[in-house]
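Taken in sequence, the protein lines are chains A and B. In this text, residue positions in the first sequence follow this note's numbering: the first is 1, and each later residue adds one. In this text, residue positions in the second sequence follow this note's numbering: the first is 1148, and each later residue adds one.
Careful, some of the hints might be misleading.
Computed, partial: chain B to chain A, Cβ under 10 Å [claimed, not checked]: (1) W1167; (2) N1191; (3) K1250; (4) Q1496.
Just so you know, these hints were derived from the structure itself, not from any lab. Note that the structure is predicted; figures quoted are calculated from it, not measured. Ideal Cβ placement from N, Cα and C applies to all residues, glycine included.
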Amino acid sequence: MKPIQRLFQLPVTAVNLVKNAQTPEEAKSPVLSPDGGQQTWYNALQSDELRLLRTPDQETPLDETAASSSQTQPLRHDDLKEMLDSNKDSLKLEAMKRIVAMIARGKNASDLFPAVVKNVACKNIEVKKLVYVYLVRYAEEQQDLALLSISTFQRGLKDPNQLIRASALRVLSSIRVTIIVPIMMLAIKEAASDMSPYVRKTAAHAIPKLYSLDPDQKDQLIEVIEKLLADKTTLVAGSVVMAFEEVCPERIDLIHKNYRKLCNLLIDVEEWGQVVIINMLTRYARTQFLNPNHNESLLEESAEKAFYGSDEEETEEKDEKEEVAALAKRKPYVMDPDHRLLLRNTKPLLQSRNAAVVMAVAQLYFHLAPKAEVGVIAKAQVRLMRSHSEVQYVVLQNVATMSIKRRGMFEPYLKSFYIRSTDPTQIKVLKLEVLTNLANETNISTILREFQTYIKSMDKDFVAASIQAIGRCATNIGEVRDTCLNGLVQLLSNRDELVVAESVVVIKKLLQMQPAQHSDIIKHMAKLTDNIQVPMARASILWLIGEYCEHVPKIAPDVLRKMAKSFTNEEDIVKLQIINLAAKLYLTNSKQTKLLTQYVLNLAKYDQNYDIRDRARFIRQLIVPTEKSGVLSKYAKKLFLALKPAPVFESPFKDRDHFQLGSLSHLLNAKATGYQELPAWPGMAPDPSVRNVEVKEAVPEWTKCSSREKRKEKVEKPFYSDSEGESGPTESADSESELPSEMESGGGSESEEGGSGSGSEESDEGSESGKEKKKKPEKIKVRKTLPESAESELSGEEEKRKRKERKASSESSSEEEEESSSESSSSESESEEESESEPETKKKKKISLSKPVPKQPKKEISLLDLDDFIPTPSPQVTPINNIVSNSLATDLQGLSLTDSALSPTMISPSFSSVKTYELLHRITGEGLAVEYCFSRQPYSLDPHMVAVQIQFSNNTDTEAKSLRIQEPKLMSGMRMQEFPEIEVLAPGETVTVVMGIDFCDSTQAANFQLCTQTRKFYVSIQPPVGELMMPVFMSENEFKKEQEQLIKLSMGHLMGMNEINEKLTMGEKCQSDHAIVQRVTSAANLSRVPCGSDREYRFAAKTVASGSLVLVTVVTKEGMAAQLTVNCEKMVIGTMLVKDILQALSQ
Amino acid sequence: MIHSLFLVNSSGDIFLEKHWKSVVSRSVCDYFFEAQERASEPENVAPVIPTPHHYLISVYRHKIFFVAVIQSEVPPLFVIEFLHRVVDTFQDYFGVCSEAAVKDNVVVVYELLEEMLDNGFPLATESNILKELIKPPTILRTVVNTITGSTNVGEQLPTGQLSVVPWRRTGVKYTNNEAYFDVVEEIDAIIDKSGSTVTAEIQGVVDASVKLTGMPDLTLSFVNPRLLDDVSFHPCVRFKRWEAERILSFIPPDGNFRLLSYHVSSQNLVAIPVYVKHSISFREGSSLGHFEITIGPKQTMGKAVEGVLVTSQMPKAVLNMNLTCTQGAYTFDPVTKMLSWDVGKINPQKLPSLKGSMSLQTGASKPDENPTINIQCKIQQLALSGLKVNRLDMYGEKYKPFKGIKYMTKAGKFQVRT
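If we strip away everything but chain A, and leave its shape as in the complex, we get:
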């Protein structure tokens, strides 16, 4: 409360201060009195107003000159003051406009402060806004007076309108007056928990303002940041991360819990926020994940191992510890799913219209992505080059750095870097840099041809850069060295000195690198001395000959002879080099050149130029030993012929990538203030579980077993990637095809669900592939955990039953395949009896699961139970599930009783145990446990819906009331038929209901809220692909016909669109016919098609929503090998189904 007290005191003192400075009227200023102040204030102004009315002409002389001289003659602003004091809004506005214009021009208007600040509570919005502008500009200089305005803003902070609250906070926090720090702190804290996200956003903006004003507040501000980071709205995310970056970028630990959320929100955040978040996440990822390129070479190998080892792995997997041990032994690089999540969620932003966002994503990929995936950013960067030249400049700088490390990435876009004569020089030079970096053996000829045209440019700086570029190409690529050298030698005859000088420098550098080849070129250059007139070039050649005179012992003295002859006619610069050459020759070959040297030195002695005379005198003393000459002459040779280090041709962009790309520091190649180093990859990945979010309302399923899943995933990943590699198209990072993306996904999937309670992204059916990804690991998880009774104790008894049944079924199946259905039905009834006899289940409803029982085609026996409330609409459907309900209530809700309907045309009832998925864990559900399964029954109310059976169990001691569904969030096209509300669920009781969901043949999750009277839980149901279809009967011939039809159809599009082939190795337990059938039918809701060959198995189904045919063929071959073919118009479904069946069969 203390700050508040202080707050009340402050203005009083402030008023006193004002009293001294202002007229008595102003001293009466009631601005600070909390209410009713305004009116008295205007009364007080009356006299002023009258004055104004009396002297209207005073307004006119006010203009720029008056304003500009304000500092020397503050009285000149009187008219403005009067206008401000008037009670006419238009006059005030006019005055404020002039004042703002003064500020804009940089004129001092600070003496108007008291007059302006009074208008802070003005009713006119524009006046008010302009007063704010003024206030923010001058408050720092006039701190005491600025306090007068504070109460207005404080009032604004309490306004019911969120926009007013926000704007009050914004101005309040922009006033840089240290004394109000406590007030600001309080206001920020309050606003941080405001209802309106917009106000919270403003609070986030205010944080760095306060921090820069008073860094001591850091700890408190970090608390606010932490709180705001947890905010789930996109509006806040960008601003708070910006605050985080400015206040406490080192507190990376604050990000853990919000990491997944930020990743998921990213696409909906406004563009500026995206840039800040992506940059921050890049740093974060560097500290948390392992380098994906670290053991690249090992990766392939280990992936293979994983594949072959996967069989054992899967069986072993009951024992988690063993699995972990095996993993540790192998240690392949496995990308953290969170790492993958980041890469996946940023990729679409490459399509942003905002260059900064694109660049941010590009740098993220460059720093974080596996080598194979970095390529995607090239295209977007090349696109940016079309933008304004400033954008081009920055992008090219970054491309230059990237192209050193990853040349292949930009090679396809080589031509986009060709230079136009209209480009600004700095752009040209950067493009040259990129072209040089991209040059390799294959493209060097085209690049050199380009360079040739550049050399003719009018822009001489650019020409010089081009020559250097040629030199660099020559050093990098041995094949063209001679061509380049020859080309450069020709340039020596250029008329432009700059060109010549540059060529000579470059030639010189090249020569210094390959001493062996010196002589030829030097000889050639020596010949050029006859023709070349450009003094600079002549001088350079002479230097070269002098430097390497030992390599051309015969020519060098001759050149000197010629030069001595023409010495008097040469330019000064050439003369100097002649002396130089003479000296060097004298030292190495004094026999031949002694006289020549003396002659040259004599000529030079009497030269008009004192520089030359000096040089001659100096050299003579140095090289010609006389009695007077000092010790230096001994070292003459060392002085002149010291080995000069070869200049290095290095790209100025080399090693620049230790700066985060796209940053200011990278651009300047120097650390800028406030730059956060990009950390090196950690050797060991820090604990990934820090990112797990505690479940409050989020999907419980995920958190519960996250750590376990993750480990499993690590096993799975290589498995997938390998099988993918065998069958599918080659995995390439930028290919948009479904397969690789699906594979990549494996990792990130659960985190995706876990991270977003809101699940706002994934907006459309467009995200089908994303959905598929999600699906995969989850299903696998379930499949694995199921036999292990990973389910909670609640379902223990069910579990027991299931096992029993499974046993029974395997018995029955082992007997003979052509067993009669009557027998199977008897086994079912057996199990029913069994279940009913179970003592502990009195009122509880039980699910008994029937077995897959192969049935004989000839015996057509309907098992349709008459008690069923649901009429089966289609005779082609095989219901799979037997549900026994003893509860009347559930019956009334349309729950099906033992309904094992078999249509007469059905050949094989296809299912094994029904998998149960958890919708709500009893801990997160506060005692309410909810599970669901796909009953594989047609949904009575709508044939396009998939029936989902949901079982509620109340584990608390109180009644759960009015269980119902609320606010379903469905992807477009999806529909949901809710189950009727369950009014009361007694403690310990279990109830089962059925609802229908039309998934539109996609595996996207249906998100909705499960409500009890008191609580709401966000849950989602996601169908495995196999549950999206209904079995359909057909004969072998029909099957073949349909298959052909589908293949024919696909010809119009792409081959293989409707057909997916996969080779596989059968799992050990998949030997018998029956086992194969059972596994396929349990993976998907298919019905068997009779088939002549005993090596072939055929299955057929139709998708529930669109009725597209799904045809599956399994052909077994020698040993354990088999071939799986899926034909389906819906490629996505087909692809996923292949995987699922593959998985089922190879286990």
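Starting from the structure of chain A, add chain B where the hints point.
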């Protein structure tokens, strides 16, 4: 982030300054002026200039330098992109973004800048939101404002900032509901001496002018979306939908905006709309040079090539040019050595040509560089890449909008080397 902004005209005067944090003295711009002096052309001023305590990031547009003062690390593109957004906004508000326009509307400029940045961090950059906050000045409104004293600051609270579609203002109403789309393609090419294409690519944009009541949800589909090699979208476009179906689905902003820009890669064969025959020669030892160019249509799909403008930067040694053209008019500026020939429409039956002689500096040796020829032209009703809009559908509103689509091809950076 952005500390201050200075607007500098080409003669080096600061005519506007705005500070978002504490005031930075305008003397910081001296570093900028230094760089400006060093650079031969205004375009050559480095966009990022480090000074001892600050960093200056500038963009140059409409003969104005927008110099932002930065104090600490920030992605340079972030600032550059923002400055360009500022310029775009000014242009949107005042029609032109000239020094005079900024000076005339200094208060609106100030109000805009105040809204666009908060403490140096971008706040409201969507033109629809800004227009809700601050009404663009029109002649009528200026007159009315002076008489009535009413303001150009929106009386309504800017609720758009809070909506889920922040780019669209609420409560839009039109009597004529119209949606127009312009597909504009620019061809960037380099043609070498012999007339063969060194590189050519097409950069296209779809600009929209949508004036529809309420909250329309539009879908725009192309006949051949596969042509688009690389695209970038206005934030309103639903990315997932595009990924899956190659359909643009969006709730449009109100008014004019750029829906999409795309790139058709150089891998595809790009049709070159015009060709140039040229013969430019300097003779050694002679003070006269020969100059002749002819321009003609090449692959235009039968459409007329209009608005042809040929420019060329002549070598320094050229003192003057004495030319005659069969069509249009030419000018040669002896100071900048810029030749510009306004051709107009090309008549395929009678190809326009420009020929004559160049007088060179006597005594100077012949220039060893040949000028490059830059060409601008327009072709109406043609999208060179062959992109075609299939249909536009509107959902969410009852009325029937009037829809229109226009295609145009322009020469972008089209250069012929000689």
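For each hint, the structure was consulted:
1. Restraint check, W1167(B) versus chain A: the minimum CB separation of about 8 Å is within 10 Å; hint holds.
2. About 5 Å separates the beta-carbon of N1191(B) from the nearest beta-carbon of chain A, less than 10 Å, and the hint is met.
3. Interface restraint check: K1250(B) against chain A, minimum CB-CB distance 9 Å, threshold 10 Å, status holds.
4. With its C-beta approaching chain A no nearer than about 32 Å, Q1496(B) sits outside the 10 Å limit, and its interface hint is violated.
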